[in-house]
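With the hints as constraints, model all of the structure from the sequences given.
The letter at position 204 of the sequence shown is residue 203 when you use numbering that gives the first Met the number 0, and the numbering goes up by one with no holes.
Fair warning: there could be bad hints in the mix.
[Unchecked claim] The list that follows gives simulated cross-link-like pairs (lysine-lysine, DSSO-like), each with its CA atoms no further than 27 Å apart:
1. Lys161 / Lys173
2. Lys185 / Lys174
3. Lys35 / Lys174
4. Lys32 / Lys174
5. Lys153 / Lys174
6. Lys173 / Lys32
Hints in this document: simulated from the structure, not taken from any laboratory.
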Amino acid sequence: MGHYLRVFNFLWRAKRMEYTLTDIWKGQMCNAKLLKTMPELSGVLHQCHILASEMVHFIHQMQYYITFEVLECSWDELWNRVQQAQDLDHIIAAHDMFLDSIISRCLLDNNSRSLLTQLRAIFDQIIEFQSAQDSLYRSALEELALRLQFEEKKQQREDEGKWGVTAEQVAEEKKRIQEFQDTIPKMRSQLRILTHFYQSIVQQFLVLLMTSTDESLRFLSFRLDFNEHYRAREPRLRASLGTNWGRRPSNI
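Quick look at the structure:
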């Protein structure tokens with residue numbers, strides 16, 4: 000039962016990341032039109048979209064690997080062994096091999112501790128990014144509401160035949176807007192640091208995958224970096240690629 004609990008916990012955490020990224024994407028789509036009137040945010044929002052896209056690609060590939068190359072393949076192997084089993088001992092042995100295969104390929108065995116540590120760090124960065132983006136949107140939407148409120152009051156007074164706003168009110172509004180704009184570089188810096196940290200962890204994860212003795216894990220590294228984005232930044236990935244795949248057996 001302990002093995003099943005470990006596997007379930009791993010699968011639950013991986014699925015949670017998928018839901019988290021879906022929530023991140025929804026936030027971006029819902030707020031995109033609202034924040035078009037604040038062009039000063041375009042740069043930082045672009046950073047959010049790029050980082051979210053990288054994370055979505057990573058989690059989708061991990062989910063594909065878990066579903067098809069771990070669970071489905073292991074289940075197919077178990078079913079074939081059970082069909083060929085001659086007694087209960089054979090069925091028990093097939094089940095043990097099934098669990099061992101899942102635990103190994105889900106990076107839960109002793110030989111994969113470093114990989115699992117990196118993967119958990121990636122999951123932590125996704126949660127950190129969700130928190131950072133939510134904070135950004137809260138600040139931006141509060142600022143947008145204040146700007147709209149100012150314009151509505153101005154329009155209301157004009158409709159009543161009065162002066163829209165006084166010079167003092169305009170000065171206060173400009174000051175508040177400037178104070179908000181002064182916080183944007185800090186937002187950019189926070190996202191830049193988060194992106195750098197996330198990418199460095201992914202690079203380390205890919206290096207460990209490339210040096211794995213499990214062929215399915217090495218192929219996973221290709222899918223995670225199909226466009227060689229990380230390989231171009233990390234010399235160890237190029238070295239690992241040459242070591243693992245550069246040499247072909249001689250026919251002589």
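Here is how each hint holds up against the structure:
1. Note on Lys161 and Lys173: the hinted pairing holds, with a Cα-Cα distance of about 21 Å set against a maximum of 27 Å.
2. Annotation: proposed proximity of Lys185 to Lys174 holds, straight-line Cα distance about 18 Å (limit 27 Å).
3. The suggested pairing of Lys35 with Lys174 holds, with an alpha-carbon distance near 21 Å, which does not exceed 27 Å.
4. Distance restraint check for Lys32 and Lys174: the Cα-Cα separation of roughly 25 Å lies within the 27 Å cut-off, and the hinted pair is therefore satisfied.
5. The hinted pair formed by Lys153 and Lys174 meets the criterion: a straight-line CA distance of about 17 Å does not exceed 27 Å.
6. The hinted pair formed by Lys173 and Lys32 meets the criterion: a straight-line CA distance of about 23 Å does not exceed 27 Å.
Checked against the numbered hints above, the structure breaks none of them.
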